[in-house]
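In order, the protein sequences belong to chains A and B. Residue numbers for the first sequence, in full-length UniProt numbering: 1 to 134. Residue numbers for the second sequence, in full-length UniProt numbering: 1 to 134.
Hints in this document: simulated from the structure, not taken from any laboratory. All values derive from a computational prediction rather than experimental measurement. Honestly, I wouldn't trust all of these hints.
Heads up, the list lumps identical chains together, so a pair's fine if it works in one copy or across two of them.
To be verified - When the alpha-carbon atoms are kept at most 25 Å apart in a straight line, the in silico DSS-like pairs for lysine-lysine are as follows:
no. : residue 1 : residue 2
1   : K17       : K131
2   : K71       : K49
3   : K61       : K49
4   : K55       : K97
5   : K131      : K97
6   : K61       : K97
7   : K49       : K120
8   : K71       : K131
9   : K97       : K120
10  : K71       : K120
11  : K120      : K17
12  : K55       : K17
13  : K120      : K55
14  : K97       : K71
15  : K49       : K131
16  : K55       : K131
2 protein chains.
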Amino acid sequence: MTNQNNEVTYSIGELAKEFDITPRSIRFYEEQDLLSPERTGQTRIYCNKDRVRLKLIQRGKRLGFSLAEIKNLFELYDSNANSMLQLEAMLQMTEQKRAILRQQLDDIQMLMNELDEVEKRCRDELADLQKRGS
Amino acid sequence: MTNQNNEVTYSIGELAKEFDITPRSIRFYEEQDLLSPERTGQTRIYCNKDRVRLKLIQRGKRLGFSLAEIKNLFELYDSNANSMLQLEAMLQMTEQKRAILRQQLDDIQMLMNELDEVEKRCRDELADLQKRGS
DNA sequence: CCTAACCCTAACGTTAACGTAAATCAATTT
DNA sequence: AAATTGATTTACGTTAACGTTAGGGTTAGG
Numbered sequence: 001m002t003n004q005n006n007e008v009t010y011s012i013g014e015l016a017k018e019f020d021i022t023p024r025s026i027r028f029y030e031e032q033d034l035l036s037p038e039r040t041g042q043t044r045i046y047c048n049k050d051r052v053r054l055k056l057i058q059r060g061k062r063l064g065f066s067l068a069e070i071k072n073l074f075e076l077y078d079s080n081a082n083s084m085l086q087l088e089a090m091l092q093m094t095e096q097k098r099a100i101l102r103q104q105l106d107d108i109q110m111l112m113n114e115l116d117e118v119e120k121r122c123r124d125e126l127a128d129l130q131k132r133g134s
Numbered sequence: 001m002t003n004q005n006n007e008v009t010y011s012i013g014e015l016a017k018e019f020d021i022t023p024r025s026i027r028f029y030e031e032q033d034l035l036s037p038e039r040t041g042q043t044r045i046y047c048n049k050d051r052v053r054l055k056l057i058q059r060g061k062r063l064g065f066s067l068a069e070i071k072n073l074f075e076l077y078d079s080n081a082n083s084m085l086q087l088e089a090m091l092q093m094t095e096q097k098r099a100i101l102r103q104q105l106d107d108i109q110m111l112m113n114e115l116d117e118v119e120k121r122c123r124d125e126l127a128d129l130q131k132r133g134s
């Protein structure tokens, strides 16, 4: 659907289906101030910004971030800091998040290497079995 | 300390301090079958393998894995599969985990890009303020 | 002998992120 | 008109990963 400004809108059910989550979750995110959809009477109307946010929420969760941290990132992104102090605080925040991401990159790299080993051992065993078997 | 085989051992307190967690957590991991330390009477004695596992647990948690998934990875690694079926199941598992890690890599890349943007906007603002201020 | 610093078990409490159930309302469909 | 479909609020239930408290044992030092 579209609203009065000809923007695309979504119902809670549509978004739930698209992102494979329940309406309950979407309402919960709103309760936690991660979303703030319009209303038509009682029913919620989601715009494209809300949809993008849902995507970001999923991404954050895949990285093991809590909803509070994700909200924090939203505020970082939306923030219109105007004082030097605020701006410097923001730079600190971005650097902090960056550190976490770097750590995760390291972690992933190491885990991948281990998976390589497991897989190699596994393939060796398989080859061995086939040799014996034939 | 060292045990009868001249291997290095640790008390629960030492490991707790080293990894900056509580003894409670370490005992909980044992309850969940992620650790299985020796005992001397009632008190737990941890060897180097246990220490390594704790490191892996931390890493898994940083990536947002549940303790059950981490245990799963341990089993993957320790497993001495011998049948073709088991081996193929293991290869499936490693590929599955790999897919998750690839997804996380993508997620991290995108988040990093966004942080870049936030930071850039921030620096521009700061430069602007300083120009005005001087 | 007493205290401090460790260790232990047992068991209830807590927080995050929803799940689930009940009761209601509005718009279609049959 | 009755029933289905999809929305709403309210509120209690659930799971994971510990935190916390209570009660008790043992070894080193003063």
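- Query: Can you tell me if K61 and K49 fall within 25 Å by alpha carbon in one copy, between copies, both or neither?
  - Reply: within (18 Å within a copy, 31 Å between copies)
- Item | Intra/inter-copy verdict for K55 and K17 if alpha-carbon distance must be at most 25 Å | For K55 and K17, only the intra-copy Cα distance (13 Å) is at most 25 Å; the inter-copy one is 38 Å.
- Query: Checking K71 and K49: alpha-carbon separation at most 25 Å within a copy, between copies, both or neither?
  - Reply: within (14 Å within a copy, 39 Å between copies)
- Message: Reference check for the pair K97 and K71, CA-CA at most 25 Å: within, between, both, or neither?
- Response: Within one copy only: 13 Å inside a chain, 28 Å across chains, cut-off 25 Å.
- Message: I want to check one pair: K71 and K120. Are their C-alpha atoms no more than 25 Å apart within a copy, between two copies, both, or neither?
- Response: between (41 Å within a copy, 20 Å between copies)
- Query: When no copy is specified for K71 and K131, does a C-alpha distance of 25 Å or less occur within a copy, between copies, both, or neither?
  - Reply: neither (56 Å within a copy, 32 Å between copies)
- Homo-oligomer pair classification [K97, K131; C-alpha up to 25 Å]: Intra 51 Å, inter 29 Å, cutoff 25 Å: neither.
- Task: Can you give me the call for K49 and K131, within, between, both or neither, at a CA distance of at most 25 Å?
- Result: This pair counts as neither: shortest intra-copy Cα distance 58 Å, inter-copy 34 Å.
- Query: Using 25 Å as the alpha-carbon threshold, which applies to K55 and K131: within, between, both, or neither?
  - Reply: neither (49 Å within a copy, 38 Å between copies)
- Item | Status of K120 relative to K49 across identical chains (alpha carbons, at most 25 Å) | For K49 and K120, the Cα distance is within 25 Å only across copies (22 Å; inside one copy 45 Å).
- Message: As a check of your reading, is K120 near K17 (CA-CA no more than 25 Å) within one copy, between copies, both or neither?
- Response: neither (39 Å within a copy, 36 Å between copies)
- Message: I want to check one pair: K97 and K120. Are their C-alpha atoms no more than 25 Å apart within a copy, between two copies, both, or neither?
- Response: For K97 and K120, only the inter-copy Cα distance (15 Å) is at most 25 Å; the intra-copy one is 35 Å.
Of the numbered hints stated above, those contradicted by the structure are hints 1, 5, 8, 11, 15 and 16, listed in ascending order.
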